[in-house]
Each structure stands twice: as structure tokens, then as C-alpha cells.
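Protein chains: 2
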Amino acid sequence: MAIQKPSIPKGTRDFSPVEVDRRQYLIETIKQQFRLFGFSPIETPSFENLSTLTGKYGEEGDRLIFKILNSGDYLAKVDADLLEQKNSQKVISQISEKALRYDLTVPFARYVVQHQNDITFPFKRYQIQPVWRADRPQKGRFREFYQCDADVVGSDSLWQEVDFVCLYDAVFNQLGLAVEIHINNRKILSGLAEVANISDQLIDFTVALDKLDKIGEEAVKEEMRNKGIAEEAIEKLSPLFGMSGNFRSQLDQLSGILQTSSIGLKGIEELEFVFEQVEKLGLQKSELVLNLTLARGLDYYTGAIFEVKSVAGEFKSSIGGGGRYDDLTGIFGLKNISGVGISFGLDRIYLVMEEQNLFPSIAQNNVKVLFVNFGDAEAPTVSQLVRDLRRCGVNSELYPEAAKMKKQMQYADKKAVEFVVMVGEEELKNKKATIKNMKSGQQNEVSFQDLISFFS
Amino acid sequence: MAIQKPSIPKGTRDFSPVEVDRRQYLIETIKQQFRLFGFSPIETPSFENLSTLTGKYGEEGDRLIFKILNSGDYLAKVDADLLEQKNSQKVISQISEKALRYDLTVPFARYVVQHQNDITFPFKRYQIQPVWRADRPQKGRFREFYQCDADVVGSDSLWQEVDFVCLYDAVFNQLGLAVEIHINNRKILSGLAEVANISDQLIDFTVALDKLDKIGEEAVKEEMRNKGIAEEAIEKLSPLFGMSGNFRSQLDQLSGILQTSSIGLKGIEELEFVFEQVEKLGLQKSELVLNLTLARGLDYYTGAIFEVKSVAGEFKSSIGGGGRYDDLTGIFGLKNISGVGISFGLDRIYLVMEEQNLFPSIAQNNVKVLFVNFGDAEAPTVSQLVRDLRRCGVNSELYPEAAKMKKQMQYADKKAVEFVVMVGEEELKNKKATIKNMKSGQQNEVSFQDLISFFS
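One line per chain: the protein sequences are A and B, in this order.
Per the numbering used here, the first sequence starts with residue 1, numbered consecutively.
Per the numbering used here, the second sequence starts with residue 1001, numbered consecutively.
Just so you know, these hints were derived from the structure itself, not from any lab.
Treat each hint with caution, since some may be false.
Quick list of in silico lysine-lysine cross-link-like pairs, DSBU-like style, CA-CA up to 30 Å [stated by the list, open to error]:
#, chain 1, residue 1, chain 2, residue 2
1, B, Lys1266, B, Lys1309
2, B, Lys1086, A, Lys77
3, A, Lys10, B, Lys1236
4, A, Lys429, B, Lys1280
It should be emphasised that the depicted structure is a prediction, and the values quoted were computed from it without experimental measurement.
Required output: the full structure, derived from the provided sequences and hints.
What follows is the structure, encoded as C-alpha cells:
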């Protein structure tokens, strides 16, 4: 066979031991808080039936789903005309019936409906698994990446929203990462569109509004005009651009604008509740920020909308988000189940943590003790010492060959081993080991029987 | 949109909270021992370039690899003639350039070659990730399943084999599962073929021998005859069938048969070393068993061959295996790197553990404390109590709605909560909580300030 130069598909990554350790640290931290907040884990298959995923993420989303080719003679039953026309689009469903998970939300909805008789509602689940998207790769955007989601379905209590703000705070506090938790409410956006009489242009309105930070007030208004939003409506919405002050004062100003919209006022009431309760509970490492331009996947959310951003560093993309959705499971036949959930963007949190140098040194996972291999006379005894240390929870190993001392010490250096233990002819006779602390350079003599207590 | 009845692809599974907890328990146990034995984790992408995987698993393997359909107008450049002929086989490489990982070994080999300049050899890595095969599903065989692999590359020391036997023992001891670790050596099988003068029929010989347990001596000999192995050769190999006794006595008998084969004697010497050192170190929950019929993927292994089986229970399939391979990375351009490794079959270990009722009750992951929701008067204060418990590491939650007491208690029951805490009007006034132990039924009154110490 010809020799192949090894590579991996674009948008995917290999993770080295250090990277896996750091990712595990993030996952374990998030998982621990999910547990503390009462969420239970589920897992779903990496691939779903294509029909489960199709049509759930919009046209663009459908294109970005990775489809799996059917096994066997997959072309046998394909419509010959479609093949002749090379109609890629229409042939898909004839040669592929499975596709890789695109997010964790649709599989979760499918899970809830499929297992509804085994589930106690409200059902609080977390799920930490990779998802795949045929997106164009760029910084912080990969074709395979992890999502860490927590959702509650079957409760419309606003205490869930309060809990999720606290959960974000708890995780980022644990990670030492200062963040802003942006919050908005779909009902306020609907209310604004209502009072401006542009309810049928809600999407155009929010898409333009979403750009306020980047392009400024005038350009946003210009975009609204270009989308055919009436001057009168823009005039009516103008106070929105001049709003300032803290959460409460902004909500007061909003009340003025929204006084004729019952849905808008409901949105304010909901935000007020969340804000007040969060204020009473207190946040540790986060700030709750009212962000009226926040829309995310608007069609999807029906109440609160969340987005999390790091306050320091260059990387300003969202590192988490979520919100309330009132009919997630409807498409699979289970109506009137309200849900709310949040997601942590593991790969982006990783970038932010790295940029701000926030990862702890995770030395405890390394080999702590390396025993030098002096040869077959000593190795059997040394193996017993290694065995005993391992049984007491000390990561340790015997260098596999009686190689030159220099080579063995280089290995210890590169693996960042804490202690090198030497048991040569002399030590074997005296039942003592020479221990070198690789950081301080200090050497100790320790009897075999005291080795365990020395290292534990 | 029409309502879809939810289902998942055959051979795949959803995992409920209890199942995820149990799988995590297995993974954590294995991971902990991998660490203790000095292995570092890596992860590779779920899909590789199709060319990386093709040709590595034999013809049957190639068929069982899940291919991913190219994105976009994937048919545009396909050879029109091949489409017209519906030549599924030849069209594959034109419409698919990526495929799901089939095992962890080939991606590991690819990783080692690709990152050889960043790696310190001997490189001890572990990897715990799912793999996918388009196999026909049956008990213990799924289309998506986890492999947990540990390998060392860059050392041909037999201490590695000794270490792997001890690693198997350490993991299964931790799990409380009694196992037999079967061991053989490819060099012995080669030596037997050599002395019987059937080196060119090695595969036929081992495939037949492999069935000894199931079909017995006579049927094995019959199969050998059918494959064209000469009567003289079968005669020469006959002592093999009558071998008995312990490890050492079997090796002695083997020495007699193999005395004219240097490769065969080398195999005996290797097995002897492993057996002796393991005997000195002692195993806790396993027995090392010489199994001369063990061949596994013979073409692949060049020295030791391992397989692990549970000694009790109905499910007798292999729950782990591995061996030494001398040229794994050669295909990717890195020659003369010897490797040896073992794998744990997570899904099968799960089945065996379940069958023998060996899973510990993993209650610590559940919600420990549920606070009853009496309404908006009490909830804000109760939320603060929940917050404090969580910050002290106690899994707890407030029931989200002021639902009827019966409903809240049912929820606590179904979630197997340990304690239910009631803070109603009276308790709020006295700053005391009523705590019900759900197992014993006992009730306590505890002041707010003593709650944390009560639960921790």
C-alpha cells in the first residue's frame, strides 16, 4: 500500500493530552454545577434519522447538516432520471436516511416525546456531547464542537429563568471568568413591533436592531427604512436608542414606550421578576445586563433570551446562550410543554480561558513518579513498588527499558514528572530508594516501606 | 408541518439519567486506572478522511465504515457513466471524502505520525471515544459504541505486557468483576505452523484452532483437513489438543513441540517472562490464562495477544482485548515503531455488570434536597437557602411552582430525593425548616443557619 501523508478533515481537531485535560476541566466544572442545580444527564445517538433533523434549522441549517451515506448498494433504488440530471438536492433523501446531530435541542425534544411515559415532569436534563455542522471554519467555529446544554421542560415558572442566571454565574465563578449575562425577552420585542404597528415586520426589525452595537443608531434606522419599515414606526421606536441607566431605570423607560401593548408589559413584568430575584440572591462573577437588541434565533424563543459574553479579552463572541421556548416538542406530537434552557459553548470558553490565562495547571493528572529502569535485576522489585503506589492512588510508572540514564531523565523532563526514583544495585540491597524532586532538584533517601507515605 | 412519530436509527441508543450515570461510573473507573498507570489522554475527530480509514480493516471492514456525504452539489463532478450504471461502489469516493471513525487504533496511528515531533516516546496514550460500524445489530453489538483504549508506542519492552495485565486486573478489581485474562502469542502460532510445515496456511490453521472450545478436537481436525492441511501436519500438531495443567506446565509441553522453531521458542520465552512477573506482582480479581487458540485479528498482532472474559454470568463474549503490533504506523510513513495496547468494551462490560448486579447505587448524583414551593411569599427566602446549599456542594432545588403538596411529594419520590424541606409561613417566621428524611420518614426541625451543617 502506498504511504499516506496523514491529515484530518478541515474544521476538525486532534486534542493533545494537555488540551484534553483542559477540556475535561471545563466539562467537569460545568457538569458539577449542573448536578448541584438538580439536572440529570441524558445522551442521544450521534446520528438521528435524517427526517428528525430536516426542517428544524431553516433552509441554511438543512444544508449544513452532515448526511450519512446509506450502506450497501445505495444507488440501486435511486430514481434514474434524478441521477441523470445530477439533482444533488433531490437524491439526498434517496441515498441518505441518517444524519449527524446538528445541535442538542432537537434530539432532546425528540427524546422527551419518545420517552414521555418514563419521564417525571418538570424534567431537568443536561447533555454534554459533540455536534457537527458543515459550516465554513473560522476562529472559534469548528465543524465538530461540543455543546453543554441544560434545559427544563414542563414548567413555566420564572424561577427557572432565575435559576439559569445563577447557574451561569456559578459556572463562570468556578472558572474564574468574569462575564456579562445579557437578557432580553421576546415579548418585549413583540410589544415594540406592536406599538410601532410593524408586527408583520418583526424579523426585519429585530435583525436591524441587533446591529446597534456594531453600526450605530443612524445605520440601524437606515437599514429599517431599506427594509420598508415606515418612518412613523421608526420615529415611535426612537426612545429605544436613547435608553440608558441601570436595569430598573431602563425597564421604567420601556414601560413608557410599551404602555399600550399588553404583551410588551408582560415582557417587562417577567424581566422585572428575574432581575429582582437575581438581585436578592446576588451574583458572584457575573453581571446581569438588559440588552434590548438581543434576539438570537427569534422564531424559536417565546420569553426570556440569554447570551453570555466575556468582559475581558479580545474574543468577544458569545460563549453561551439560551432562552424560553413554548412549543419545542410540538413537532413530535407533544403539545403545550414549555421549556427553557441554556447552553455553554465549550470551545469558545476554552479560547477565552486560554487568552486570559485562566486554566489552572492540571499537574495532578500527569505521571507523578517515574522509576528509573536499571535492568532485569532491579525491575521486578521496582515493579512491586510501582504496584503499591498505584494501589494507593499515586500515578507512577517504571521506565520500560534499561536505557541510558540521560534518556530516561529526558523522558521524565518532557513528561513533567514530579519525582524520579532510583533503585539501583546498592539501593536494592539496602531496601532504600533515592528520590529526586524534579522541581527543587533535592534528593532524599527513603526506605521502601516509607515510600507510600512519602508520596501520598 | 406534519407531526412525526419520533424514533432513532437501529443499532443506536438513547441513554437515560441512570444509564448515563452508570456509563460514567465505568468510564471514570477506567480513566482513573489509565492515569495511575501513566497514560495520558488524546482525542481525535469523529470523522477522518475516508482515505485514512479505507483499506485498514479488510474488505468487510471497508463496507462497515459509515461514509459522510459531501456537502453542496455533491453530484456535479461525478462520472456520468458510473451514475448511469448505478455503480454504488465506485461512486463512493466521488461523493464522500469523510467517514466516521471505525475504531480508535487507526486514528491513533495517524495521530502519532502526524504529531511525531511533539510526542515523547515511549508514548503512552489513552482514548475513550465512540466508534461507529454499520454492523447488523445484536445483543451487545451496536452501531455506535464506546471504545476505551490504552496503548504504548515506541517501546518493545515486555514490561508493557506485564503492565497491561496488571491494568486489566486493577480496573476489573475496582469494578468488582471477576475475569479471566486470556493470553497467547502470535510467535507461538507462527512456530506451530513452522514445525508442521504449514507456514503458508497460518490463517486457515488458526481460524480452525480458534473453534476448539466450541466444536471440539475432531471437528477442528476435520476443518483443517478440509482446508487442505496435510494429515502429517495435523498429526504433528496433535499434542496441542491434549495439553493440560497450569500455565507453566503447558509452556513446558509447548517447548517440546516447538523445539525446532526459533520463533516459536521466542514466543514461549516472552510468555514465560510475562507470566513470571505477573505471578510475582500478584493479581487481585483476575486470572491469567494461557489460551493457545486465541488469535483475534491475527494479521495485526505480532507478539502478545490478549482477551478478557467474565467468569460468571450468561454473557460470555469478550469484554476486552488487545496485543502487540510491530508496524502500526508504517502505513502512514513512520517505520519501526512497536506498539502494544488493550481495549475495554464499555457496552459489553455494562451488560455484564448489570447481569451480575454489580453497579453501586449512584445516589450522590441525584438531587439530594428538594425544597417545597409554598408560593411567592416564601420562595425568595427559600431560594437563598438553596443557593447556600449549592455553594457548599449539596445538590438541591426549589420545586418551580406552588403546586399541590401531593404533586410536589410525588416529584420528590420519583426523583429519589433524599430529603424534602418545607419552609411555609410558620417556618419562615421562626427561621426554621422542617426536614423530612424520605427513606426513614423521620422529620426534623432545623434552623436556617444550621441547614448547611445538617446536609454536609
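**Study point:** Lys429 of chain A paired with Lys1280 of chain B [C-alpha distance capped at 30 Å]
**Key:** holds, 19 Å
**Study point:** Hinted pair Lys1266 of chain B and Lys1309 of chain B, Cα distance within 30 Å
**Key:** With Cα atoms ~26 Å apart, Lys1266 of chain B and Lys1309 of chain B stay inside 30 Å; holds.
Exercise for review: For the pair supplied as a hint, Lys1086 of chain B and Lys77 of chain A, confirm whether the alpha-carbon distance does not exceed 30 Å.
Suggested key: Holds: Lys1086 of chain B and Lys77 of chain A sit about 9 Å apart, inside 30 Å.
Review point. Lys10 of chain A and Lys1236 of chain B: Cα distance at most 30 Å?
Key: violated, 56 Å
Of the numbered hints stated above, the single one contradicted by the structure is hint 3.
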